[in-house]
Amino acid sequence: MSFRRYLPHYLMIAPFMILFAAFFLYPILSGFYYSFHDWNGVQTPEYIGLGNYEKVLGSRDFSRAMTNLLWYIALTVPLGILAALGLALLVDSFTGRWANFFRNAFFLPVVLPAFLAATIWRWIYAPNFGLLNVVLGWLGMPSVNFLNDTGTMLYALIAVDIWVSAGFNMVIILAGLKNIPSELYEAARLDGANKWQQIVHITLPMLGPVLFFVFTYGLISAMQVFDKPWLLTGSSFASYGGRRNALLFPVMDMMGRAFGGVKFGEAAAYGFLLTVAIVAVTAVMFGLRTWRERR
Amino acid sequence: MHTMNKLRASIAGASALVALGAAGAAVAQDVTLEYWVYSDFAQGDALALQQEFIKEFTEQHPGVTINITGKGDDDLTAGQVAGAASGDLPDVFMNAQSVGAQLVEVGALSNLYDQWMAMPQEFRDQFDESALAGCMPKPDELYCLPYTGFGSLLFRNLTVLEKAGIDTSTPPATWDDWFAQMQQVKDAGMYAIPDETLVFNSIAEIYATSGDSSTWGFNWEDRTTRIDPEIMTRVLQKFVDMAPLNSGTSRNDQATKDLFISDQLAFHTVGPWVNPTYEEAAQNSGLKYDFVLIPGDEAGKTGGIRSYEMIGVAPGENQQIAFEFAAFITEKAQMARWATLLARYNANAAAMADPEVAALPLIKVSVDAARGAMDVAAPYFVDSVPSCYNSVVIDYASATADGEYTPEEGAKEMIAELNDCLAE
Amino acid sequence: MSRITVWVVLKWVVALTIALIAIFPIWWTINVVFALPGEPVSLNPRLWPTSLSAGLQKIHMIFTETEYLRAYGISIAYALLTIIGVLLIGSLAAFEFSLFEFPGRRILFGIVMLALMVPTAVTIIPTYLLTSRLGWLNTMQGLVVPGLASAFALFMLVQFMRAIPKDMIEAARLDGAGHFQIYWHVALPLCRNALVTLAILTFIQTWGNYMWPLIVASRPEMYTVGQVVGLFNSPLSHHTVDTVMTANLLAAIPPLIFFLIFQRQIVEGVAMSGTKG
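Protein chains in written order, with UniProt numbering: chain A, 1 to 295; chain B, 1 to 424; chain C, 1 to 277.
Quick caveat, the hints were computed from the structure, so don't treat them as lab data.
Quick caveat, the model's predicted, so the values are computed rather than measured.
Just to be clear, a hint being listed does not mean it is correct.
What the hints assert, rightly or not - Using C-beta positions, here's what the derived DEER-type ranges look like:
| hint | chain 1 | residue 1 | chain 2 | residue 2 | range |
| --- | --- | --- | --- | --- | --- |
| 1 | A | P78 | B | P244 | 52 to 58 angstroms |
| 2 | C | L16 | B | N67 | 27 to 33 angstroms |
| 3 | A | L139 | B | E404 | 27 to 33 angstroms |
| 4 | B | N67 | A | A280 | 46 to 52 angstroms |
| 5 | C | G135 | B | D30 | 15 to 21 angstroms |
| 6 | A | A280 | B | E409 | 45 to 51 angstroms |
| 7 | A | L139 | B | T170 | 39 to 45 angstroms |
Stated by the list, open to error - Derived pair list, reagent style SDA-like, types lysine to any residue, alpha-carbon separation capped at 20 angstroms:
| hint | chain 1 | residue 1 | chain 2 | residue 2 |
| --- | --- | --- | --- | --- |
| 8 | A | K195 | C | P220 |
| 9 | B | K55 | C | P220 |
| 10 | A | K55 | B | A423 |
| 11 | B | K288 | B | L360 |
Ideal Cβ positions, reconstructed from N, Cα and C, are used throughout, including at glycine.
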């Protein structure tokens, strides 16, 4: 009787849930199964317990990829948000047609496919005569080998990252800015607050939820970074990660093990370790938010 | 003249067909073969010729349809690995011998030994010996037919060399001559050579100036590297010496070709595939260049690597007809036409010896280059090379060039780590 | 009349500089395409287009000598079918998850949200094997169907539909509307903006998708634009820089046009997706 009452609800979610079960739950559960097996995709999987996990955790590439990832996240997430916030405040200070123009110009890189962005930037970064080095040359500075010098590679990646994603986050923050009641600013002005004080005491606190969204989303996608470093370093399944593995990241390492080394079991274990890490970080983020709200 | 060549070549091809037709039993029912090649085989003139081969073959084998598909290097392997897992493999395909072991492991390659032995002696004698040896991990196992290949060459920008006051009439005979020229180029304010530590193959090319196939590659019995510490020390020292002279771009970068074309780079060690770009530049912007053998430590020794692409055949019900097709396209008549069209070296020694083919300058040098060169990752088809291997070699070569290790330390640590990597 | 202060000037300089940084790489690509082939970038830095005919010739060459046009067709079909499917299936489910209470609602929604945190690369191989067992390799359904149950779409639409007042649903029910009719005539029109946004984001994402088409559509008849461009980008390809860049630029044109036409909706839609969360 109660089932019949709910039947329309289940019918409506059925298409989604069936496809979700088939193309997400089933793959991820079978991946979980394979992560305990030695498997090359063809032979019958052979159970090896935690062997794959031990192998992954003990490998040099894993610790390298994780170290890179930590640095990358620590830099790209806050810098990306700062850039987006700066752009949003900048666009917000214009009105009418110019505001539209700048907003659209800053957003443009977002719509480009990743492979195009990477190809263009490889040229811009090229040593000696790449666009960037030509500009440095005009300023009398020596050529920098951005994509092959282990000291600059990470920053080169982050710059491309911000170039691509700042516009997206800017637009979200802009909308947040528009939602702040203007009375607040007026009141602050009457109290004698200058522009900077207004930003710190009104804009930022009011943007809190929006910034939380941008931050969390940025964090989750940063942990899955793959295509930009892969393409910028000209990686292939035989050799990836760039000079001295300076741009090796977990998803790259995982794909390499799967398609380069034909070790699907190991790749599956790798994927699970990464997933657990992402879920844990996200849980901490939401936990922090709840804790702050309760306070 | 071009059409004349084509005509003559197709007559040769047709007569070879008759010979081959006798060797294999034609299949009566309709079959479709999926034929995967590198992407540059499926573009422009190369594609037209491949389609001509296919047409000739299918005319002799009614009911057979062959679909040719071009793939980038990586997509080729990834596609085959994924295809093996799902049982949707291409029937006949190109790939590098160096990924052969992975393909054997996932069951994408069938052992062709018996079919090979059933071919006429005359056919079997056509192939380059070292290329064929690469297909045979054991005396009774043959996993591929050698197809195309290369020996690396030294491209020289003559304008740059002349500006640096170097006599270009004879190429450098030894490493010492060559290195002296590099320094002269640097002193004249230009770049001598790309950064050879960035890519595994360019490290191998320089290693080959001191070492050879017996001190490179793998001992699969005890899973150790064959790299010799003493030779590696010497080679790492070369990287240290070259560090101030290089352009900072890798051997494969588009940027390197650009530097070469715009007369800022003197030497480029690479395979013959850059030649079309340089030839075009010679016509458009007056680039003056040539290609010679990479000099070794002593006169007469050649540096550089050789590597062959193979044709493999997947197991399955189409295996026999796929093998026949593979044998057809690797046969001398076809390989001679292929070589003439692209002026590119390949693994059919008989085709390379064809007077018309041998007269092509790029092929002439390539034959010598391949003869003296070092196998890039031999022995093949035994076991898949772990992905850490190449990156360890690159890591230590670049770190030593950066000055983080002395060449002795670098060589020692590199070899220790390579052995760890292989043992895993 | 506002005074022109140092700050105003500085603001304009900064804004224009950043706009230049954002736009210039794309402008530069256009210039590379519309320049004579073989001119080294070091001699002609490609600051403006130098040869219209050379560019047109390259584009003509790519369209006639490669399967680029067919790939366009495949990519557009792939994107459109994905958009339709994602919107329909996602909104049906979002309608229920956001506006109704039924046993299992929280747990099911929670599981789907977990999927947001799993990198696609983790599931790609088993998904591929399943697709192959269904016989869907090299087919349009193989490209499209596995991507339809998008957790992101559900998440976004649920955020929007939560804002629909429950009274409106009740009012419609009292007017005698059936469950599906309420969804179709009340809920969908109310979240039109969200659907447009989602359609656009799905387009951008599908158009740039590389890995999935690569393994599931291995035959040239099913190559997407990304794969065809991949052939040009391969390090050993014979093509010169100009041709490679032409192939890349052609791939960017549909999303760029899409953006220029729908820029207002895109920007507003993206903005909403963030602030409602």
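Now for the hints, and whether the structure bears them out:
1. The hinted range of 52 to 58 angstroms is not satisfied by A:P78 and B:P244, whose Cβ atoms lie roughly 38 angstroms apart.
2. For the hinted restraint 27 to 33 angstroms between C:L16 and B:N67, the CB-CB distance of approximately 53 angstroms leaves it violated.
3. A C-beta distance of roughly 30 angstroms is found between A:L139 and B:E404, which places it inside the suggested range of 27 to 33 angstroms.
4. Range check, B:N67 to A:A280: Cβ separation about 47 angstroms, and the 46 to 52 angstroms hint holds.
5. The supplied range of 15 to 21 angstroms is met by C:G135 and B:D30, whose beta-carbon atoms lie about 20 angstroms from each other.
6. One distance hint, 45 to 51 angstroms for the beta-carbon pair A:A280 and B:E409, is violated here, with the actual separation near 40 angstroms.
7. Between A:L139 and B:T170, the C-beta spacing of about 43 angstroms keeps the proposed range 39 to 45 angstroms intact.
8. Distance restraint check for A:K195 and C:P220: the Cα-Cα separation of roughly 58 angstroms exceeds the 20 angstroms cut-off, and the hinted pair is therefore not satisfied.
9. Between B:K55 and C:P220, the direct Cα distance comes to roughly 19 angstroms. Compliance with the 20 angstroms bound is thereby established for this hinted pair.
10. Straight-line distance between C-alpha atoms of A:K55 and B:A423 comes to about 12 angstroms, which keeps the hinted pair within the 20 angstroms bound.
11. Proposed proximity of B:K288 and B:L360 is supported: the alpha carbons are some 18 angstroms apart, at most 20 angstroms.
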